[in-house]
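Novice: Build the complex from these two chains, which are given one at a time in their own frames, with help from the hints.
Taken in order, these protein sequences are the chains called A and B.
Heads up, the first sequence is in the working numbering, so the first residue is 198 and it goes up one at a time.
Heads up, the second sequence is in the working numbering, so the first residue is 60 and it goes up one at a time.
Please note that a few of the clues may not be correct.
Claimed, not checked - Chain B is nowhere near these chain A residues, computed Cβ spacing over 10 Å in every case:
| id | residue |
| --- | --- |
| 1 | V358 |
| 2 | D377 |
| 3 | P414 |
Said to hold, decoys possible - In silico DSS-like pairs for lysine-lysine, Cα to Cα no more than 25 Å straight-line:
| id | chain 1 | residue 1 | chain 2 | residue 2 |
| --- | --- | --- | --- | --- |
| 4 | A | K298 | B | K97 |
| 5 | B | K193 | B | K115 |
| 6 | A | K303 | B | K115 |
| 7 | B | K218 | A | K212 |
| 8 | A | K303 | B | K97 |
| 9 | A | K342 | B | K193 |
| 10 | B | K144 | A | K329 |
| 11 | B | K218 | A | K254 |
| 12 | A | K354 | A | K327 |
| 13 | A | K354 | A | K329 |
| 14 | A | K254 | A | K342 |
| 15 | A | K289 | B | K218 |
| 16 | B | K250 | B | K115 |
| 17 | B | K193 | A | K212 |
As the list claims (entries may be wrong) - Where chain A lies over chain B, by a calculated footprint (3+ residues, C-beta under 8 Å):
| id | region |
| --- | --- |
| 18 | 99-106 |
| 19 | 111-121 |
| 20 | 177-183 |
| 21 | 193-202 |
| 22 | 210-219 |
| 23 | 222-234 |
Since the hints were made in silico from the structure, they are not lab data.
Virtual Cβ for every residue (Gly too), placed ideally from N, Cα, C.
For reference, the chains in residue letters:
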Amino acid sequence: MDSVHDMGGMDGFGKVEAEVNEPPFHAPWEGRVLAMQRAMGYAGAWHIDHSRFAQEKLPPVTYLSASYYQRWALAMENNVIERGYASPEELKAGHAQTPGKSLPRKLTPDVVGAGLSRSSFYRQQQGPQKFKPGDRVRTRNIHPKTHTRLPRYARDKVGVVEMCHGCHMYPDSVAADRGDNPQWLYTVVFTSQELWGPDADPTIKISIDAFEPYLDPA
Amino acid sequence: MAGHDHDHDHHDHDHEHGSELSETQLRVRALETVLTEKGYIDPAALDAIIEAYETKIGPRNGSVVVARAWTDPAFKKALLEDATKAVASMGHMSRVGDHLVAVENTSQRHNMIVCTLCSCYPWEVLGLPPVWYKSAPYRSRAVKDPRGVLNDFGIALPKDTEVRVWDSTAETRFIVLPMRPAGTEGWSEEKLADLVTRDSMIGTGLPLNPAQTDSKVK
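Excised from the complex, chain B in its bound form (with noise of 0.2 Å):
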């Protein structure tokens, strides 16, 4: 909160943006009386639906995949010829679909997920995307200036570094295998996906280095 105008600003577009929101809410609310009195759905498994979300599933699936692979070679090799099956042998998360693939980043090459046309993203290892990723900012420019958009994460990658964007275009879903920090040989899994943050797993952050567990953010 900067200036006055600033936040007189803010207080207008909150207003504005509360009354479309209540529009919306009695309009959702219609359609799911609509759709439970139909017999379509039974608002008690939406209900579970959304606990699960909230609570279930999340980027530390994620980090826990990718905190094996930096630490069971066997693991890494099956995760990049066929992660689908790779996360399916942990056991530890519902099926994420047929179609899920690992890409790794290198001291020569840093990946980076999109969905231009929608919000494509590996639910089952990431959980929910963020509002961020949904965006317009984020969707148009991710495929055309990638070093700007790490910049905006505060990510400024050696000129050198190859950048390869991945628009997740059919039903193919990928994470990215982030390069493991230095400084943390001979650490447990459980302490190493501390590490793994959502955005590394997206290409746009890199995992935390040891100094900074104690202040992870996401």
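Just chain A, with the same shape it has in the complex (with noise of 0.2 Å):
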């Protein structure tokens, strides 16, 4: 969708600015709302771009005014909510009225060392691969109300297929709950003329991760 997550090339926001010997948490709750998402995700309750879109769909004034965890915790809610795992009341009550539903597993102590590793986003390929590095494309220029993993800027662009990373799952479908649709993932690198017009540095080059169903032979 397009919202205010999509920041890639907007101006405005001002300087970076580092914070030095920055805490890992800045108050306790933000390594709680960590935590949850981790034991969540390890209990099978939600993938990971479910939580990426539930974030993208607050409201943009939201969105930028939220913390980072913060947003989190609210994209959290939603999402227990949504799925079922708790109702408002609940949360608002700060107790459960009922059980909970059935998961396929829960992160317990003994197990947290699996809950820290990342899973493995390879899936088995679906049909032949249409691109290998070297080859120009040319991005689509879609706008799907639902979640994806193509920025605006790099939408309607040329670029060089650099690298195939195998096939993955396809976040745009299993955000949509239509399953995994495994897709093949290429680094595709661009100018920054061809991104940012003729005045843009020609030094830079950009590139993105590109599943290929954003792209097409250019």
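Specialist: So this is what it looks like as structure tokens:
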């Protein structure tokens, strides 16, 4: 969806300000939010693309004014409610009123190592690889109302395939609850002039990782 | 803290921020209680996850990988060919998932990593991303004005150096292999690792030079 999370190329946000000796968390609740997200993911309550989509669906003003972990918390509440893991009344009351749904597994202290490991996104290939490194491609001009990983600044642009990363689960499909629908994944590199016009600095190149359905031959 | 006006603004901001936080704290606590009572999560596992990110999973993991690549040409070759496999062969950290790519800085090319759509970052090798990495200023500008962003970090590259920006739009994760600083011939891996800052592995910084080791900052 075309919302404010898709920030590449926007102006006006100001300088990047780094904090010296930044701690992992700025308040204990931030750690709880991160850990809950990991635990619910491990349990199979939802996929990382559902978490991303839930954040993207926050009202733009909320997205921009909330802190990072506040966004995570708001998105998690929405996923919990929309997927029927708890009711709004329960979250408001701060207590469960009915037993939980059954989930595939539960993250317990003895398996925390597994909860910290990233799972693989490789999936069985569904068809032949359409592009190879060196091929010129044009990204599609798509504007789905649902989750996509093709950023606006790189739509309808010509680039060159640089790497193929194999066949991955397809976020656009996963976030819409339409299954893994595996797709070939490529690194596609663009010149800055292609993305930002003839006055752009010619020494800059930008790449995205693009799923095959985002690409046509060019 | 410059003048009176600034202090005043800052105070108001803190005050506002403080009351938002307490509402967030309450909501996060309610969410954790409900998810625990429903049987989905175990608070002791959350404690263990938080502890791991506070004490074990940080940029030192990546620094050790870079230092090894600086001293062992066979390892460097393996790292650039398949970073997942190379890092796994070191056995000092949890699995990186299947999708790590290392990109090498040279005198001709400087690499920089961003996630314009959310906050994708190689957690296993760099720990949790800093706030600036997840912020609107970085996400919006890195793909359009990377030299300007580097200026914010106090870095001015030669005008003819190619700047390559990698937007992490899928599950591939990138780590920059920075250039080994001059004057470090014969240094041990451990001593070299002290030169490798987090930002040098994101591409918004350079490794420390030997004279700077005593004043290492992020």
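Novice: For every hint, state whether the structure bears it out.
Specialist: Results of checking the hints against the structure:
no.: 1; hint: V358; verdict: holds, 14 Å
no.: 2; hint: D377; verdict: holds, 12 Å
no.: 3; hint: P414; verdict: holds, 20 Å
no.: 4; hint: K298/A x K97/B; verdict: holds, 8 Å
no.: 5; hint: K193/B x K115/B; verdict: holds, 21 Å
no.: 6; hint: K303/A x K115/B; verdict: holds, 23 Å
no.: 7; hint: K218/B x K212/A; verdict: holds, 21 Å
no.: 8; hint: K303/A x K97/B; verdict: holds, 12 Å
no.: 9; hint: K342/A x K193/B; verdict: holds, 23 Å
no.: 10; hint: K144/B x K329/A; verdict: holds, 23 Å
no.: 11; hint: K218/B x K254/A; verdict: violated, 40 Å
no.: 12; hint: K354/A x K327/A; verdict: holds, 18 Å
no.: 13; hint: K354/A x K329/A; verdict: holds, 18 Å
no.: 14; hint: K254/A x K342/A; verdict: holds, 10 Å
no.: 15; hint: K289/A x K218/B; verdict: violated, 56 Å
no.: 16; hint: K250/B x K115/B; verdict: holds, 19 Å
no.: 17; hint: K193/B x K212/A; verdict: holds, 13 Å
no.: 18; hint: 99-106; verdict: holds (count 7)
no.: 19; hint: 111-121; verdict: holds (count 5)
no.: 20; hint: 177-183; verdict: holds (count 4)
no.: 21; hint: 193-202; verdict: holds (count 10)
no.: 22; hint: 210-219; verdict: holds (count 4)
no.: 23; hint: 222-234; verdict: holds (count 10)
The earlier numbered hints that this structure contradicts are 11, 15.
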